[in-house]
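Participant: In case you want the letters, here they are:
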Amino acid sequence: MRTIKAETIHNAVVDLVLTAARYLPEDVKQAIADARENEDSASAREILGQLLENAELAASSGLPLCQDTGVGIFFVELGDQVHVEGNLIEVINKAMIEGYEKGLLRKSLCHPLTRANTGDNSPAVVHVDIVPGDKINIKHMAKGGGSENMSRCTMLTPAQGWEGIKEFVVRRMAEAGPNPCPPTIVGIGIGGTFDLAPALAKKALFRPLSEPNPDPELAKMEEELLAEINKLGIGPMGLGGKTTSLGVKIEMRPCHIASLPLAVNVQCHSSRIKEVEI
Amino acid sequence: MATYELTAPLCDEDVKKLKAGDVVKLTGIIYTARDAAHKRLCDMLDKGEELPFDLKGAVIYYVGPSPAPEGRPIGSAGPTTSYRMDSYAPRLHSLGVKATIGKGKRSAEVRKALEDHTGVYFGATGGAGALLSQCIDKAEVIAFDELGPEAIRKLTVTKFPLLVVNDSYGNEQYAKPNYDL
Numbered sequence: 119m120r121t122i123k124a125e126t127i128h129n130a131v132v133d134l135v136l137t138a139a140r141y142l143p144e145d146v147k148q149a150i151a152d153a154r155e156n157e158d159s160a161s162a163r164e165i166l167g168q169l170l171e172n173a174e175l176a177a178s179s180g181l182p183l184c185q186d187t188g189v190g191i192f193f194v195e196l197g198d199q200v201h202v203e204g205n206l207i208e209v210i211n212k213a214m215i216e217g218y219e220k221g222l223l224r225k226s227l228c229h230p231l232t233r234a235n236t237g238d239n240s241p242a243v244v245h246v247d248i249v250p251g252d253k254i255n256i257k258h259m260a261k262g263g264g265s266e267n268m269s270r271c272t273m274l275t276p277a278q279g280w281e282g283i284k285e286f287v288v289r290r291m292a293e294a295g296p297n298p299c300p301p302t303i304v305g306i307g308i309g310g311t312f313d314l315a316p317a318l319a320k321k322a323l324f325r326p327l328s329e330p331n332p333d334p335e336l337a338k339m340e341e342e343l344l345a346e347i348n349k350l351g352i353g354p355m356g357l358g359g360k361t362t363s364l365g366v367k368i369e370m371r372p373c374h375i376a377s378l379p380l381a382v383n384v385q386c387h388s389s390r391i392k393e394v395e396i
Numbered sequence: 058m059a060t061y062e063l064t065a066p067l068c069d070e071d072v073k074k075l076k077a078g079d080v081v082k083l084t085g086i087i088y089t090a091r092d093a094a095h096k097r098l099c100d101m102l103d104k105g106e107e108l109p110f111d112l113k114g115a116v117i118y119y120v121g122p123s124p125a126p127e128g129r130p131i132g133s134a135g136p137t138t139s140y141r142m143d144s145y146a147p148r149l150h151s152l153g154v155k156a157t158i159g160k161g162k163r164s165a166e167v168r169k170a171l172e173d174h175t176g177v178y179f180g181a182t183g184g185a186g187a188l189l190s191q192c193i194d195k196a197e198v199i200a201f202d203e204l205g206p207e208a209i210r211k212l213t214v215t216k217f218p219l220l221v222v223n224d225s226y227g228n229e230q231y232a233k234p235n236y237d238l
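Quick mapping for you: the protein sequence lines, in order, are chains A and B. Just remember that the working numbering sits 118 ahead of the position in the first sequence, which is counted from 1. Just remember that the working numbering sits 57 ahead of the position in the second sequence, which is counted from 1.
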């Protein structure tokens, strides 16, 4: 058994929160730069240029990339040979609160009905998986509301299969149009259960754009869906162009013989993700 | 497609010359308001109370900025998605609001209100909050301070870059997706 101090986790999480909000991941920057080269329309090139400029400015000024600094989401892989001193969920939540305060990040969480702001961006959304080993891996995503609102979950019939999945995803992205700040990154969860599919869809968004699914079949499906979405012609900010999405990421799990759960988690171009292994 | 330099508050003549696709560099005074602030403004109108700012010629920016670092007037300040304000916008346009700034599609009711009341919907680049904040010289909370990021702020902006998405003639600049919705 390896003992990890609460303080070590706390410091790592504060750093994740501060870094994710300000620095656009290199692969996303590269994908935006490549998309800009590929665009024929002047407005599409102009917008993609602004996004690159914004990323540079955020990195140099300390301002967050986007004013919507999102919900603090964490996917934790906790080794079964790890003993955490203190309560893991509590530690992560406290560190998230400190990070949002320190980084002058917007506190966006509120009571669902009265809409009263919780004041400190709490509670963090924390998913924990127990895995073999003596390490903790913490993945953090600062998820904005605009793109999250465009996400959808459905229960298809088994007969609908891959064609049904494609139809649902492409229609959803067509309906979302300019709203989720295209170019987007689309996370797809296939299978599992009603509750698991959206978690898979969100988890998929952590895989770098440069990494296709390790399963060649799923990698082919990701490629096909990306091509279909980009054929929509919605383009950067919905003003037309070839780049409606920068990538599609699929995670799949077995499901019940009666079911075909499907979730689409839409991520904006400002993909604020960062992970650490302790 | 033309580029205009305009000063807010706006008048009918300003709005009438704008066509979907035009670029506008906006200077002057604009007001921030998003979900909760819009609800409060409309509640105040229902009760016949005086609003915290003059709606005549007003430009409303749908934004909830991040907190201001020391030495800067405001933090990141890009547009939020506009459709959530669609249920309030026609009423505000009928009372004198000339323009709103946001991102994403507007409802048929809002588009009609723009035609009926000579209004315009501007798009700003979503997710470029750090960049756009550079055009904001001054920010002052003038109402609903307790709403935090959703409070109403009076902003002084210089050459704030905007695109005319919906003009007062029923035109829209967004691309129609190649999909039969």
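One should not assume that every hint holds.
[Unchecked claim] Chain A side only, calculated, beta carbon under 8 Å to chain B, not exhaustive:
# : residue
1 : D186
2 : N205
3 : L206
4 : K225
5 : G309
6 : F312
7 : P316
8 : G351
9 : S388
If you are wondering where the hints come from, they were derived from the structure by calculation, not from laboratory data. Ideal Cβ positions, reconstructed from N, Cα and C, are used throughout, including at glycine.
Participant: Confirm or reject each hint.
Facilitator: So, going through the hints one by one against the coordinates:
1. D186: Because about 7 Å separates D186(A) from the closest Cβ in chain B, which is inside the 8 Å limit, the hint holds.
2. N205: Since chain B brings no Cβ nearer than about 28 Å to N205(A), farther than 8 Å, the hint is violated.
3. L206: It is violated, given that the least Cβ distance between L206(A) and chain B is near 28 Å, above 8 Å.
4. K225: holds, 7 Å
5. G309: violated, 25 Å
6. F312: At 26 Å from the nearest chain B Cβ, F312(A) fails the 8 Å test, so the hint is violated.
7. P316: violated, 20 Å
8. G351: holds, 5 Å
9. S388: Nearest chain B Cβ about 4 Å off; hint holds.
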